[in-house]
Amino acid sequence: MSLKLTFYGAARTVTGSKFVIKTRRSSVLTEYGLFQGHRKKALEMNSRIPEDALSADAMVLSHAHIDHSGNIPRLVAAGFNKRIFTTPATIDLANIMLLDSAEIQERDAEYANKKLEEKGEPLIEPLYSIEEAQAAGRSFEPLDYHETREIAPGVKATLYDAGHILGSAQVLYEIKGRRILFTGDLGQPQLPVVRDPERVPEPDIIISESTYGDRTHTPVAEAKERLQGLLQDAYERKAKIVVPAFSVGRTQALVLVMHELMTEGRLPDMPIWVDSPLSLEATQVFRKHPECYDKETWEYLKQDKDPFGFFRLRYVKKVEESKALNHINGPCVIIASSGMCEGGRVVHHLKKTIPDPKNLVIITGFQAPGTLGRRIVEGVESIRLYGEEFPLNCEVEVLNEYSAHADRTDLINMFKGYDPKNVKQVFLVHGDERQTLALGKAVAELGYEHVEIPEVDQEFELR
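FYI, in the working numbering the residues of the sequence shown are 223 to 685.
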């Protein structure tokens, strides 16, 4: 039986996750994420729609992050009308995230068109509208963890907890006796809020992420102490602290850790703002799905505590309140999206924060090449925001311990959990080329014979 696998994104890069598995009878699309990074290239990649993605018999979505889900509205608007299977928590998160993404698309297009009109150049359209994002949400079909369902003729799917964000899943496909594991984005053990990744039953083929294929995180247990030290030092010098954070997952984890520090009497006495309407909505979804929590977060619930709320913490929704934060001097903490600093309210806060050497920016997650966050981590002399140059004088600290991605050790341990003789092929995706190649070498050294590093649009015959 012919069984083909084609990758259309997250190949030798981190964003734009999507691939199609095709049999003679049917085909299944996994993910349909947004490419992020250099704007012109991202727009070009996000605008194209592969024909076999459009004609697939079903889609499975591993989790709600925009690099995995963010282009679904465009696909649905182009005519994709099949069911999209994912966990109930992911449905709730994806619905709010796609609406937020649509609002950003429309705002960005409006802003760009003002400039283009002045230059007499052709205007651009947003990738999709708010109405199209709402329509896409009606395609979701809940699939619980460990529930096996035939999602297309001859194709069964079972979801297992990936431990990455709320509702995230690994996908195990069963097609004519072959078991194909897609890891999705694997979390690292001991992350706040979510459970650790599950071990999936022995597969024949593995499609694995490789975000940190060449890097090892400091243990999560040590991260709380480091965060407390950074907050205390910044407090003593009256610094404004800006924390770019993903609205879903990272923000809730940071809030929970700060809650723990407050309970222990070790949180400096300063205000903390979460300045992201999406974070507020996402936190409500987290409260709705305690079935996804780990044991430690359950302990908060048993004590009648809200894991995501305490008296020094304020969630900011209105634009006027967000603007008011620009005029507040330290000491204070502002957690704002987006996590890679490519848009959202964090950009305005960076304008007011980075020129002052006493201030602090804490980077808490992966920064894709070409993003503003990556340039900040690389320590450029200045950054351009809304047409103006701002000197990067403030302190910058990287706190990758709270990364929601497994590191090299975690990924290798996952591969060690399977017998290489029983795995016919391995495909490594969702990583910069250096990370993916490094992990590929390590996986091959474990005894896996057929390790592939796909290119975008590359098709493979499955063994």
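I should point out that these hints are in silico values taken from the structure, not numbers from a laboratory. Hints are supplied without guarantee of correctness; some may be wrong.
[Stated by the list, open to error] Pairs of lysine to aspartate or glutamate, DMTMM-like flavour, derived with a Cα cap of 25 Å:
id	residue 1	residue 2
1	K262	E372
2	K226	E328
3	K398	D274
4	K510	E482
5	K524	E543
6	K262	E339
7	K524	E542
8	K545	E482
9	K262	E328
Bear in mind that the values here come from a model prediction, so they are computed numbers and not experimental data.
Against the structure, the hints:
no., hint, in the structure
1, K262 <-> E372, "39 Å, violated"
2, K226 <-> E328, "37 Å, violated"
3, K398 <-> D274, "21 Å, holds"
4, K510 <-> E482, "21 Å, holds"
5, K524 <-> E543, "33 Å, violated"
6, K262 <-> E339, "18 Å, holds"
7, K524 <-> E542, "37 Å, violated"
8, K545 <-> E482, "29 Å, violated"
9, K262 <-> E328, "16 Å, holds"
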